[in-house]
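Which chain is which? The protein sequence lines are F and Z, in order. The first sequence maps to residues 1 to 495 in this note's numbering. The second sequence maps to residues 1001 to 1214 in this note's numbering.
Calculated directly from the structure, the hints in this document are not laboratory data. Treat the hints loosely; a few may be bogus.
[Said to hold, decoys possible] In silico EDC-like links for lysine to aspartate or glutamate, alpha-carbon gap of 20 angstroms or less:
| id | chain 1 | residue 1 | chain 2 | residue 2 |
| --- | --- | --- | --- | --- |
| 1 | F | K239 | Z | D1151 |
| 2 | F | K488 | Z | D1147 |
| 3 | F | K488 | Z | D1150 |
| 4 | F | K488 | Z | D1051 |
| 5 | F | K488 | Z | E1142 |
[Unchecked claim] Here's a subset of chain F near chain Z, in silico, CB distances under 10 angstroms, partners left out:
| id | residue |
| --- | --- |
| 6 | T266 |
| 7 | G267 |
| 8 | E405 |
| 9 | Y408 |
Source: prediction; values computed, not measured. Even for Gly, the Cβ is constructed at its ideal location relative to N, Cα and C.
Single-letter residue listing:
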Amino acid sequence: MSDMITAKHSAAQFRALFDPRGVVVAGASTHPGKFGFVSLHNILASGYNGKVFGTNRDGSEVLGVQCVPSVDDLPAGEIDLVFVCTPASANPDLLRSCAAKGITAAFITSAGYGEAGDEGRIAQEELVALADDLGILLAGPNGQGVVSTPAGLCAQIVAPNPPAGSIGVASQSGNFVSSFLNWSRQTGVGISRAVSAGNAAAVNVPDFLSFYAQDDETKVGLAYVEGIEDGRGFYEAVKAVAEHKPLVVVKGGATAGGARAAASHTGSLASDDRVFDGAMRQAGVVRAATVEEAFEAAATFATQPIPSGNRVVVMTTAGGWGVVTADAIHASDLELVTLPEDLLAEIDTKLPPRWSRNNPVDLAGGETRDTIPEVMEMIARHESVDAIVYLGLGIQSNQARMMREGAYYPDHGLERIVEYHERQDRRFAEAAAEISARTGKPILTATELGTADPDNAGPAAVRDSGRLCYGSANRAVTALGHLWRYAKFRQDRAG
Amino acid sequence: MSRTLSEAESKALLAPHGVPFPAEHIVGDAEAAVAAAEALGSPVVAKLNGDAIAHKTERGLVRLNLASAETVRSAASDLLAAARPEDGDVSVLVAPMIASNREFICGVSTDPQFGPTVLLGVGGILAEAIADVSIRLAPISEHDAHDMIDDLQTQDLLGAFRGEAAVDRAGLVTLLMALSDTVAAVPEIQSIDLNPVLIHNGSPVAVDALVEVA
Chain F
1 MSDMITAKHS
11 AAQFRALFDP
21 RGVVVAGAST
31 HPGKFGFVSL
41 HNILASGYNG
51 KVFGTNRDGS
61 EVLGVQCVPS
71 VDDLPAGEID
81 LVFVCTPASA
91 NPDLLRSCAA
101 KGITAAFITS
111 AGYGEAGDEG
121 RIAQEELVAL
131 ADDLGILLAG
141 PNGQGVVSTP
151 AGLCAQIVAP
161 NPPAGSIGVA
171 SQSGNFVSSF
181 LNWSRQTGVG
191 ISRAVSAGNA
201 AAVNVPDFLS
211 FYAQDDETKV
221 GLAYVEGIED
231 GRGFYEAVKA
241 VAEHKPLVVV
251 KGGATAGGAR
261 AAASHTGSLA
271 SDDRVFDGAM
281 RQAGVVRAAT
291 VEEAFEAAAT
301 FATQPIPSGN
311 RVVVMTTAGG
321 WGVVTADAIH
331 ASDLELVTLP
341 EDLLAEIDTK
351 LPPRWSRNNP
361 VDLAGGETRD
371 TIPEVMEMIA
381 RHESVDAIVY
391 LGLGIQSNQA
401 RMMREGAYYP
411 DHGLERIVEY
421 HERQDRRFAE
431 AAAEISARTG
441 KPILTATELG
451 TADPDNAGPA
461 AVRDSGRLCY
471 GSANRAVTAL
481 GHLWRYAKFR
491 QDRAG
Chain Z
1001 MSRTLSEAES
1011 KALLAPHGVP
1021 FPAEHIVGDA
1031 EAAVAAAEAL
1041 GSPVVAKLNG
1051 DAIAHKTERG
1061 LVRLNLASAE
1071 TVRSAASDLL
1081 AAARPEDGDV
1091 SVLVAPMIAS
1101 NREFICGVST
1111 DPQFGPTVLL
1121 GVGGILAEAI
1131 ADVSIRLAPI
1141 SEHDAHDMID
1151 DLQTQDLLGA
1161 FRGEAAVDRA
1171 GLVTLLMALS
1181 DTVAAVPEIQ
1191 SIDLNPVLIH
1201 NGSPVAVDAL
1211 VEVA
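Turn these sequences into a full structure, and let the hints steer you where they fit.
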């Protein structure tokens, strides 16, 4: 197999960007408000596991790094990535010096290129041509940075540094990289790589995704795009990515469509967004309606098994939640499966007769110490069930919190019951993850406590298990729907 | 600058690729129209046919449900008399009147970013307001064609409907594949309208066609 990821760029060049042996910040500043300071700070503070260098005009020390006036003064063969915070005019000479030291990737934060009128566009074209001649992969310009958790690398002019994981982010907007990384921090579902494409002068979002498709650290791609110019090229690239692994795309804005032929009814129905939507479905790409839906879909692909069918059981400790979840399932491509007789009979052995005997499985308060893990196990193991949505986690710990914060704690037996409640919710969350992993079926836990009180023992244990605690059943159903649609697309085409 | 083909030319281009059309006759005068109606069996529909005629319904150039020789004769005469100089050479197209409660729209259009696309939608006079459509980039696979049908919101229209049989999905797949094949074979095509595609005994039949070429 060829080492080329795109027509112009090799896997080795992408590895130089994401797994560099050493990094040099060009334009390292002593002023903590400047990009040249912030980026060096973030690289050092995130515990990057390679060597860090810096350049600035007067060779002053920044954050303990003794900078030198020029890359020419640095050792050869120890640095793979240059993080560029110098003015645009300085960059051609900088790239030449970098190439002489064996540097094969550059992330350019500098502005004054394609976004800055005709002069900037020319400068950008010249920089791309120079980088091509020098064998340097050029990311940006006008980008916010690159994150790679396997390398401990957070080379960004913005925060945050996300936890490690398997979501690979590529965005046409740097701010949405930050949004995705902030959600990663909040939910604990981690990131493998993240990059802001900036002006995407030489490497665009689908190019980065093409690398993620080949990247063992990345299990799912997550992309924000807008203003696609080469629709066919985009389609071909993302289709090839989706053949390797799930890819979630969220798109902002309308494509720059020209006037359409009035002679055709078909043409008047084929709006930009409908064409894009159809193209993504045809490519097997998951298209999310919103940025948060995109993150949750990607987090679900990253942490749940892919379902082999669409038959869902809702398991709940209270009626109302199950009803709205059933509504959401009815409105989706998923099926609220009718419980088969043998499963009903099996659950009967664990619950008092008042349980729902129907899907949603409403435990109706009939549970004892081990009921939830036991019933969940019965459902998950049954051959006519493909996935479970589990509701009601954290109720006990919610009461425990009120008891702990009240005036009567820890007397009156409250200390003991609080501990019991929290232990139970932790067990349930751990059981959901363990049973799911063992049976190879998705089990999605949804409760508003995941956002309303993330420290609740239930949601906290979901997070510790590496999984996403969905803020509502509707969000869990939406995410599961994306998983199923992807699974079905692959199944149909594998047949 | 693009130009449109006549209905007859459009159908002649599409039929060999597998787009299903009803049997029809192209005639030059009213008496030939009557003979065509007799050969097809009544009732029939008569339409004015010509290269530059794109919006027949809007101009009143479609006469439906003609059940007698007399109505066919007068409809054909009226249509020929309604031709304008800018319509160029015209003829009358006589086709069987197909009874159907369900209309779809199928076609091809060229997107400035994504190139040729294939479209399936719910048809009828409310088509553009309802906009229940599904689009894929040409060429499409049979999987894509099946997905397009599944993507329609109004799935009830595809089942048994008001005493009519369920839509033959394989037939609809064949039709969509035929559009994809046509545009692959004739890259000059800018757009194709099959509007309406009627469901007759469960099978899709395109009763009108308009091809636009570069």
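Exercise. Does the structure keep K239/F and D1151/Z at a Cα separation of 20 angstroms or less?
Worked result: holds (19 angstroms)
For this session: Go through the hint on G267/F and say holds or violated, using the shortest Cβ distance to chain Z against 10 angstroms.
Result: holds (4 angstroms)
For this session: So, Y408/F near chain Z? Judge it on the closest CB pair being under 10 angstroms.
Result: At about 56 angstroms, which exceeds the 10 angstroms cut-off, the nearest Cβ of chain Z leaves the hint on Y408/F violated.
Exercise. Is K488/F close enough to E1142/Z, meaning Cα to Cα at most 20 angstroms?
Worked result: holds (15 angstroms)
Exercise. If you draw a straight line from the CA of K488/F to the CA of D1051/Z, is it 20 angstroms or shorter?
Worked result: Between K488/F and D1051/Z the Cα gap is close to 45 angstroms, so the pair fails against 20 angstroms, i.e. violated.
Problem set entry | Given hint T266/F near chain Z, where the shortest CB pair must fall under 10 angstroms | Since the shortest Cβ distance to chain Z is 3 angstroms, the answer is holds.
Exercise. Are the Cα positions of K488/F and D1150/Z separated by 20 angstroms at most?
Worked result: With Cα atoms ~12 angstroms apart, K488/F and D1150/Z stay inside 20 angstroms; holds.
Exercise. Within a Cα-Cα threshold of 20 angstroms, do K488/F and D1147/Z meet the stated pairing?
Worked result: Roughly 11 angstroms between the alpha carbons, so the hint for K488/F and D1147/Z holds.
Problem set entry | Hint status (Cβ of E405/F to nearest Cβ of chain Z, threshold 10 angstroms) | violated (49 angstroms)
Comparing the model with each earlier hint shows violations of hints 4, 8, 9; every other hint is respected.
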